[in-house]
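Student: I would like the entire structure built from these sequences, with the hints used as guidance.
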Amino acid sequence: MIPQRILLRTLMVLAIWVVPISVFSETVSAENVEDPESLTFSQALSGLQNSSLSQRGEALEQLSKLQHPRIILILQALLQGQLFQIRDDGRLVIAEKQKSGYQIQLAQTGEKLGNKESSQLKKLNLTNRLRSQLKVLISRLQLNSEDPSLRLKAVKTLSKRPDQQAYTLLRNLSQTETNHDVRQALQLTFALQDLKSADKSRRLQALESLKHLDSVDAMNQVKRLTDNDSDGSYLEPDDDVRKLAKSVLTKIESRRQFYSSIETIFFGLSLGAVLVLASIGLAITFGVMGVINMAHGELMMLGAYTTYVMQQIMPNHLGLSLLLSIPAAFLVSGLVGIAIERGIIRFLYGRPLETLLATFGVSLFLQQTVRSVFSPLNRSVSTPEWMSGSLQINDFLSFTWNRFYILVFCLLVFSLLLLILKRTRLGLEVRAVTQNRNMAKAMGIPTDRVDAMTFGLGSGIAGVAGVALSQITNVGPNLGQSYIVDCFMVVVFGGVGNLWGTLVAGFSLGIANKFLEPYAGAVLAKILVLVFIILFIQKRPRGLFPQKGRAAEA
Amino acid sequence: MTLQGLKNDKESTVIVGLLAAVSLIIPICNLLFPVDSMFHFSAYTVSLIGKYLTFALLALSLDLVWGYCGILALGQGAFFALGGYAMGMYLMRQIGSRGVYGDPVLPDFMVFLNWKELPWYWFGFDHFWFAMMMVVAVPGLLAYIFGWLAFRSRVTGVYLSIMTQALTYALMLAFFRNEMGFGGNNGLTDFKDILGFNLQSEAVRAILLMCSGGVLIAAFVGCRWLVNTKMGRVVTALRDQESRVRFLGYRVEMFKLWIFVCSAMLAGIAGALYVPQVGIINPSEFSPLNSLEIVMWVAVGGRGTLYGAILGAILVNFSKTVLTGLLPEIWLFTLGAMFILVTVLMPDGLAGLWLRVRRTQSSK
Numbered sequence: 001m002i003p004q005r006i007l008l009r010t011l012m013v014l015a016i017w018v019v020p021i022s023v024f025s026e027t028v029s030a031e032n033v034e035d036p037e038s039l040t041f042s043q044a045l046s047g048l049q050n051s052s053l054s055q056r057g058e059a060l061e062q063l064s065k066l067q068h069p070r071i072i073l074i075l076q077a078l079l080q081g082q083l084f085q086i087r088d089d090g091r092l093v094i095a096e097k098q099k100s101g102y103q104i105q106l107a108q109t110g111e112k113l114g115n116k117e118s119s120q121l122k123k124l125n126l127t128n129r130l131r132s133q134l135k136v137l138i139s140r141l142q143l144n145s146e147d148p149s150l151r152l153k154a155v156k157t158l159s160k161r162p163d164q165q166a167y168t169l170l171r172n173l174s175q176t177e178t179n180h181d182v183r184q185a186l187q188l189t190f191a192l193q194d195l196k197s198a199d200k201s202r203r204l205q206a207l208e209s210l211k212h213l214d215s216v217d218a219m220n221q222v223k224r225l226t227d228n229d230s231d232g233s234y235l236e237p238d239d240d241v242r243k244l245a246k247s248v249l250t251k252i253e254s255r256r257q258f259y260s261s262i263e264t265i266f267f268g269l270s271l272g273a274v275l276v277l278a279s280i281g282l283a284i285t286f287g288v289m290g291v292i293n294m295a296h297g298e299l300m301m302l303g304a305y306t307t308y309v310m311q312q313i314m315p316n317h318l319g320l321s322l323l324l325s326i327p328a329a330f331l332v333s334g335l336v337g338i339a340i341e342r343g344i345i346r347f348l349y350g351r352p353l354e355t356l357l358a359t360f361g362v363s364l365f366l367q368q369t370v371r372s373v374f375s376p377l378n379r380s381v382s383t384p385e386w387m388s389g390s391l392q393i394n395d396f397l398s399f400t401w402n403r404f405y406i407l408v409f410c411l412l413v414f415s416l417l418l419l420i421l422k423r424t425r426l427g428l429e430v431r432a433v434t435q436n437r438n439m440a441k442a443m444g445i446p447t448d449r450v451d452a453m454t455f456g457l458g459s460g461i462a463g464v465a466g467v468a469l470s471q472i473t474n475v476g477p478n479l480g481q482s483y484i485v486d487c488f489m490v491v492v493f494g495g496v497g498n499l500w501g502t503l504v505a506g507f508s509l510g511i512a513n514k515f516l517e518p519y520a521g522a523v524l525a526k527i528l529v530l531v532f533i534i535l536f537i538q539k540r541p542r543g544l545f546p547q548k549g550r551a552a553e554a
Numbered sequence: 555m556t557l558q559g560l561k562n563d564k565e566s567t568v569i570v571g572l573l574a575a576v577s578l579i580i581p582i583c584n585l586l587f588p589v590d591s592m593f594h595f596s597a598y599t600v601s602l603i604g605k606y607l608t609f610a611l612l613a614l615s616l617d618l619v620w621g622y623c624g625i626l627a628l629g630q631g632a633f634f635a636l637g638g639y640a641m642g643m644y645l646m647r648q649i650g651s652r653g654v655y656g657d658p659v660l661p662d663f664m665v666f667l668n669w670k671e672l673p674w675y676w677f678g679f680d681h682f683w684f685a686m687m688m689v690v691a692v693p694g695l696l697a698y699i700f701g702w703l704a705f706r707s708r709v710t711g712v713y714l715s716i717m718t719q720a721l722t723y724a725l726m727l728a729f730f731r732n733e734m735g736f737g738g739n740n741g742l743t744d745f746k747d748i749l750g751f752n753l754q755s756e757a758v759r760a761i762l763l764m765c766s767g768g769v770l771i772a773a774f775v776g777c778r779w780l781v782n783t784k785m786g787r788v789v790t791a792l793r794d795q796e797s798r799v800r801f802l803g804y805r806v807e808m809f810k811l812w813i814f815v816c817s818a819m820l821a822g823i824a825g826a827l828y829v830p831q832v833g834i835i836n837p838s839e840f841s842p843l844n845s846l847e848i849v850m851w852v853a854v855g856g857r858g859t860l861y862g863a864i865l866g867a868i869l870v871n872f873s874k875t876v877l878t879g880l881l882p883e884i885w886l887f888t889l890g891a892m893f894i895l896v897t898v899l900m901p902d903g904l905a906g907l908w909l910r911v912r913r914t915q916s917s918k
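So the sequence lines, in the order shown, correspond to chains B and C.
In terms of my numbering, the first sequence has 221 at position 221, counting the first letter as 1, and numbering is strictly consecutive.
When you read off a place in the second sequence, starting at 1, and then add 554, the result is the number in my numbering.
Since the hints were derived computationally from the structure, they do not count as laboratory data.
For each residue, glycine too, the CB sits at the ideal point set by N, CA and C.
For each label pair, taking beta carbons as the anchor points, the in silico distance ranges come out as:
#	chain 1	residue 1	chain 2	residue 2	range
1	B	V523	C	Q795	37 to 45 Å
2	B	L428	C	F872	48 to 56 Å
3	C	Q795	B	I262	50 to 58 Å
4	B	E263	C	M734	23 to 31 Å
5	C	P673	B	A198	54 to 62 Å
6	B	Q392	C	K874	52 to 60 Å
7	B	N478	C	K874	15 to 23 Å
Tutor: Put into structure tokens, the structure is as follows:
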């Protein structure tokens with residue numbers, strides 16, 4: 001033991017002298033030696049390289065107490081495994097991994113030292129205990145950060161491992177804190193602490209303040225107060241506290257249910273958005289033209305594969321390739337759609353059942369083509385960063401970004417389509433042909449061309465829907481098949497030939513599905529919705545919003 | 555009367571003759587001649603032909619509603635599968651304690667799922683007569699309820715087709731669930747014997763083929779008779795001019811319902827004959843794709859002729875066996891092309907083509 005101590009002390013002493021002199025360039029070292037603050041800084045730094053765990057811990061503690069701007073950087077680098085020691089001279093550096101070797105900068109000053117091979121560096125390893133200590137220390141430092149989100153994170157980390165020192169720091173912070181979120185987090189921490197206090201009035205007060213907080217921790221802690229232990233006696237001895245805890249618990253619970261139903265509505269809307277996106281193309285071809293396009297699902301699949309190909313072409317620009325995929329998919333699917341119309345469907349107008357069979361043949365054809373070209377396996381399409389992750393409102397409520405964007409995208413596509421049908425010449429012609437084909441023809445509308453364009457438009461929108469689908473499901477040859485029955489249901493439920501009906505039907509089916517899911521399970525929910533539609537159609541064979549007036553005669 | 559119906563119908567007579575020959579010669583040759591003889595048909599051929607015959611029966615049932623009543627049912631596979639499941643349940647109960655887990659009452663998959671007792675809807679299926687009753691009763695009842703609702707509210711055409719598709723899709727999802735008690739994903743399989751005879755033995759397989767052939771011929775003759783009765787003629791009339799028939803005072807929905815139920819029962823019988831010959835029934839039989847394939851058989855053969863459906867089912871399935879054996883990728887291309895070509899170029903199928911040829915010959 002004793003020789004080791006001596007060795008360590010000598011090392012420390014050496015570190016104080018040797019490190020500044022041998023390591024730093026002349027000018028820097030001259031400044032550092034004169035400044036006692038910097039001296040302890042470098043001293044503590046070198047302590048990090050110590051082999052003894054407890055000494056390394058002490059060095060960390062010492063570092064965190066110093067007021068030096070680089071400390072937080074160094075600690076974070078250490079936590080992320082980016083703090084290295086140069087093998088030759090023992091200097092501490094922060095290293096960032098490059099394609100070959102590491103780019104390093106001096107830990108103490110941030111001076112760039114160029115690149116080094118990994119063999120020249122030695123990583124400073126951490127044990128789990130040191131790592132958790134490090135996290136607490138970083139959080140303590142971050143409490144004083146300018147950025148409120150960093151402060152919030154720090155408060156959350158510290159409140160997970162509460163000790164006296166952390167509380168003092170947090171109390172200090174609460175005196176000056178102005179940010180609302182951070183204040184709430186602090187309030188929660190103190191209230192949770194007070195719940196454990198022996199003083200009844202403090203417990204009551206804590207409960208009062210927890211009443212308004214949306215936190216899973218708060219809910220669990222309050223619930224604990226109302227629970228029995230294994231002997232059947234209450235965990236909380238006091239009646240008043242227990243009573244209050246119960247009422248607080250019901251308050252929090254009811255808020256949680258409120259939030260969870262908001263979340264369910266959101267999920268339902270996003271599922272509905274997918275359904276609407278997938279079915280408005282069908283609503284046009286099926287409703288406006290009276291044509292059953294069984295290949296609609298495969299046109300969506302083509303859109304999804306277009307996204308995949310675009311991503312293969314430019315793998316480094318995920319966001320851009322996704323945005324470019326939208327027009328590309330519209331073109332690909334639209335052209336295929338026009339080809340189907342010109343090649344097959346135009347021979348079958350007035351024979352809806354035959355159209356159904358022929359387009360089903362097309363769908364098999366497209367499926368097998370994709371299978372031969374891209375292999376039958378699913379292809380993964382990656383999601384750009386701004387679409388992944390979620391927006392956390394509070395502990396009970398969060399929205400995933402990709403679902404959110406799809407919802408927005410669906411509404412955009414829908415309004416654009418509505419605009420095309422109501423405001424452009426093509427839209428006017430489409431509506432005319434829908435109402436009375438022969439009359440439109442007599443008025444000089446080229447019905448053949450209108451048919452082709454309408455079919456192209458519907459198919460193109462299917463392709464655009466495919467781009468959206470590629471962000472939430474696997475892209476494979478069976479992508480279209482799994483949606484086709486749902487699409488038909490939405491169109492039929494909403495009322496054929498009515499875009500608004502499709503919108504309402506899609507969203508209401510989506511929401512109904514998501515509300516049934518917790519009670520019945522995903523599959524049963526789907527079956528129930530299907531059975532409901534089958535029964536609904538018996539009652540109202542023309543859907544929710546049947547066509548009226550002249551259009552109904554067609 | 556039946557024979558009277560056949561007398562003036564050369565095609566039907568030929569088909570009945572061919573079917574009778576096939577369902578007699580193949581099993582007999584399989585049993586009589588030794589394996590190395592050139593007249594011997596392998597066990598594989600026997601079960602394959604048996605399968606084709608049940609498919610032909612299924613196609614016949616679809617032709618009844620589609621060809622004669624104009625209802626494009628995209629859910630015919632559902633009735634087929636329900637009949638199959640009823641038969642499968644009987645066969646499961648015959649396994650007794652010979653299952654992997656050796657439970658005397660519960661089938662293997664229930665033991666595996668930790669079920670304690672047989673669900674109520676499995677009761678009775680250990681009796682052959684009860685199972686056979688269910689083979690026709692369950693599809694018939696479902697068709698009755700569905701048809702009663704749909705025809706009464708005058709859901710027609712495309713809507714009806716899509717509804718039938720939704721029906722079979724919903725059933726598929728339901729049967730995939732383990733909680734349903736029908737074996738979930740894996741379905742019912744590992745059958746041992748039927749009526750006490752070993753299912754694997756050649757004789758039983760030969761007899762099953764003969765049964766399939768016999769039932770098919772009987773069904774064909776029956777359907778032939780049915781569509782020529784007054785009732786059948788009303789059905790055909792309402793296919794072409796539904797409102798006119800209604801205005802003449804016929805209760806259109808009752809006629810439709812009646813033919814729809816008949817067809818569902820026939821499909822159920824086809825399923826019941828199919829299951830013991832292939833040895834498995836699982837929820838994929840409910841898939842909408844399967845039902846569409848059935849439509850294709852009838853379309854290729856020619857709808858509204860009955861014999862066309864039988865011909866189409868056998869031809870399409872034969873080419874499927876050949877093609878999937880040789881070039882698996884080609885099959886879907888072929889099927890897709892068949893759908894397109896048949897609907898665009900020959901809407902009346904092979905039978906229609908044949909009739910046209912015969913008409914031009916006789917007019918010469």
